[in-house]
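Protein chains: 2
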Amino acid sequence: MEELFNKVLQVNVRCRDCEERRANIRVTIDLQLTTSPIHKRDLLVRLTDDADPYFLFNLSISEEDFQSLKVQQGLLIDFASFPQKFIDLLNLCYSEQESDHPRFLLQLSGQNSVLEGPTSFSVVETNAFKHLNHLSLRLTQGSDKEVKDYLAVCIASLKAERQALEAKLKKTEEDLSRQLSYAQQ
Amino acid sequence: MEELFNKVLQVNVRCRDCEERRANIRVTIDLQLTTSPIHKRDLLVRLTDDADPYFLFNLSISEEDFQSLKVQQGLLIDFASFPQKFIDLLNLCYSEQESDHPRFLLQLSGQNSVLEGPTSFSVVETNAFKHLNHLSLRLTQGSDKEVKDYLAVCIASLKAERQALEAKLKKTEEDLSRQLSYAQQ
Numbered sequence: 044m045e046e047l048f049n050k051v052l053q054v055n056v057r058c059r060d061c062e063e064r065r066a067n068i069r070v071t072i073d074l075q076l077t078t079s080p081i082h083k084r085d086l087l088v089r090l091t092d093d094a095d096p097y098f099l100f101n102l103s104i105s106e107e108d109f110q111s112l113k114v115q116q117g118l119l120i121d122f123a124s125f126p127q128k129f130i131d132l133l134n135l136c137y138s139e140q141e142s143d144h145p146r147f148l149l150q151l152s153g154q155n156s157v158l159e160g161p162t163s164f165s166v167v168e169t170n171a172f173k174h175l176n177h178l179s180l181r182l183t184q185g186s187d188k189e190v191k192d193y194l195a196v197c198i199a200s201l202k203a204e205r206q207a208l209e210a211k212l213k214k215t216e217e218d219l220s221r222q223l224s225y226a227q228q
Numbered sequence: 044m045e046e047l048f049n050k051v052l053q054v055n056v057r058c059r060d061c062e063e064r065r066a067n068i069r070v071t072i073d074l075q076l077t078t079s080p081i082h083k084r085d086l087l088v089r090l091t092d093d094a095d096p097y098f099l100f101n102l103s104i105s106e107e108d109f110q111s112l113k114v115q116q117g118l119l120i121d122f123a124s125f126p127q128k129f130i131d132l133l134n135l136c137y138s139e140q141e142s143d144h145p146r147f148l149l150q151l152s153g154q155n156s157v158l159e160g161p162t163s164f165s166v167v168e169t170n171a172f173k174h175l176n177h178l179s180l181r182l183t184q185g186s187d188k189e190v191k192d193y194l195a196v197c198i199a200s201l202k203a204e205r206q207a208l209e210a211k212l213k214k215t216e217e218d219l220s221r222q223l224s225y226a227q228q
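So the sequences go chain by chain: R and B. Numbering-wise, this note's numbering comes out as the position in the first sequence, counting from 1, plus 43. Numbering-wise, this note's numbering comes out as the position in the second sequence, counting from 1, plus 43.
Worth flagging that the hints you see were computed from the coordinates, not collected in a lab. A hint or two may mislead.
Identical copies go unnamed one by one, so any copy, or any two together, can satisfy a pair.
[Stated by the list, open to error] With a straight-line Cα cutoff of 30 Å, these simulated DSS-like cross-link-like pairs (lysine-lysine) come out:
| # | residue 1 | residue 2 |
| --- | --- | --- |
| 1 | 128 | 173 |
| 2 | 50 | 83 |
| 3 | 113 | 50 |
| 4 | 211 | 188 |
| 5 | 50 | 173 |
| 6 | 50 | 202 |
| 7 | 211 | 50 |
| 8 | 173 | 113 |
| 9 | 202 | 188 |
| 10 | 113 | 83 |
| 11 | 173 | 202 |
| 12 | 213 | 83 |
| 13 | 211 | 173 |
| 14 | 202 | 214 |
| 15 | 128 | 113 |
| 16 | 202 | 213 |
| 17 | 214 | 173 |
| 18 | 188 | 50 |
| 19 | 214 | 83 |
| 20 | 173 | 188 |
| 21 | 213 | 173 |
| 22 | 83 | 128 |
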């Protein structure tokens, strides 16, 4: 598994019967290589919210999935170039997210009153004339098992951070106490 | 929800086709009071493993459940006295867990080769003559949703710990730097 992208981006979240809100969503893109039983590459797109442990939307795009996506959305690139092109679009949104009128923005829209079931994640350009949809991916909300697995990974990394902080605190105390007792001599 | 007990205890884990092992299991007992729609009290017993985020066994005992448990296991106490009696037994096991031949010990046994499905959690006394079963509760393994909810709570507390450590580190650095610069003057 190779991580290609991992950033917190501003996303406009829209769902039926609820007001549009702006949320900070972590977007992760991983490339998963499987060699057995057959050689295949899958692009995994994941949306999470550092402030909400239950927020998880997923999409896995295989080379076959990409072919239908390509036809459906009129893309002119192949699977190998797709990740970088997608990342370029995300970075465009990232570079404009502090602006009051961003030209590129990200949209997450669900069909239900809460974000459940299929949800589309889109890169939208707004010009003087209209909204242009550059890419729209259909994500599904993480199942209980997927959220569980994601949270287990979060816990492992939080525990590692805690351990590192404890070690740094101990070292800082020791270093400064040593310097202090030396200075006081 | 009132927490009555929360300790890491040594438990002998046995399952079919696997060697018995000794594990450090966190045992939590909570009393849950519900007033609406009807007034009821439930005792929630939970086993978790700080080292394994997926390990979760649960049991909820209502007053009605307790009546059948009482008959089944020949208990002589009522529901109100049960939690304290159970805690006394757990503390007995806790006080003996460093001993080579503990008189009281905890056992978790599953029927399958891995701990899945119904699992019994027992307080067993071993005397010269036999093993005496003081109490045996039938726990079920946490569902994906239950594990997910449990992990979300763990994450919140790990994040709070991280924040406290970061604050402490910052304060330690500031305090000692101030003392150091004062001593060096």
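Do the hints match the structure? See the list:
1. 128 / 173: within (22 Å within a copy, 71 Å between copies)
2. 50 / 83: Within one copy only: 26 Å inside a chain, 47 Å across chains, cut-off 30 Å.
3. 113 / 50: within (25 Å within a copy, 56 Å between copies)
4. 211 / 188: neither (35 Å within a copy, 36 Å between copies)
5. 50 / 173: Close inside one copy (28 Å), not across copies (61 Å); limit 30 Å.
6. 50 / 202: both (21 Å within a copy, 19 Å between copies)
7. 211 / 50: Close inside one copy (26 Å) and across copies (28 Å); limit 30 Å.
8. 173 / 113: Answer is within; shortest intra-copy Cα gap is 23 Å, inter-copy 72 Å.
9. 202 / 188: both (21 Å within a copy, 22 Å between copies)
10. 113 / 83: within (18 Å within a copy, 58 Å between copies)
11. 173 / 202: neither (47 Å within a copy, 43 Å between copies)
12. 213 / 83: The answer is neither: 47 Å in one copy and 48 Å across copies each exceed 30 Å.
13. 211 / 173: Answer is neither; intra-copy 53 Å and inter-copy 52 Å both fail.
14. 202 / 214: both (18 Å within a copy, 22 Å between copies)
15. 128 / 113: within (13 Å within a copy, 66 Å between copies)
16. 202 / 213: both (17 Å within a copy, 19 Å between copies)
17. 214 / 173: So residue 214 and residue 173 fail the 30 Å test inside a copy (57 Å) and across (52 Å) alike.
18. 188 / 50: For residue 188 and residue 50, both the intra-copy (24 Å) and inter-copy (27 Å) Cα distances are at most 30 Å.
19. 214 / 83: neither (47 Å within a copy, 51 Å between copies)
20. 173 / 188: neither (40 Å within a copy, 43 Å between copies)
21. 213 / 173: neither (57 Å within a copy, 50 Å between copies)
22. 83 / 128: within (20 Å within a copy, 58 Å between copies)
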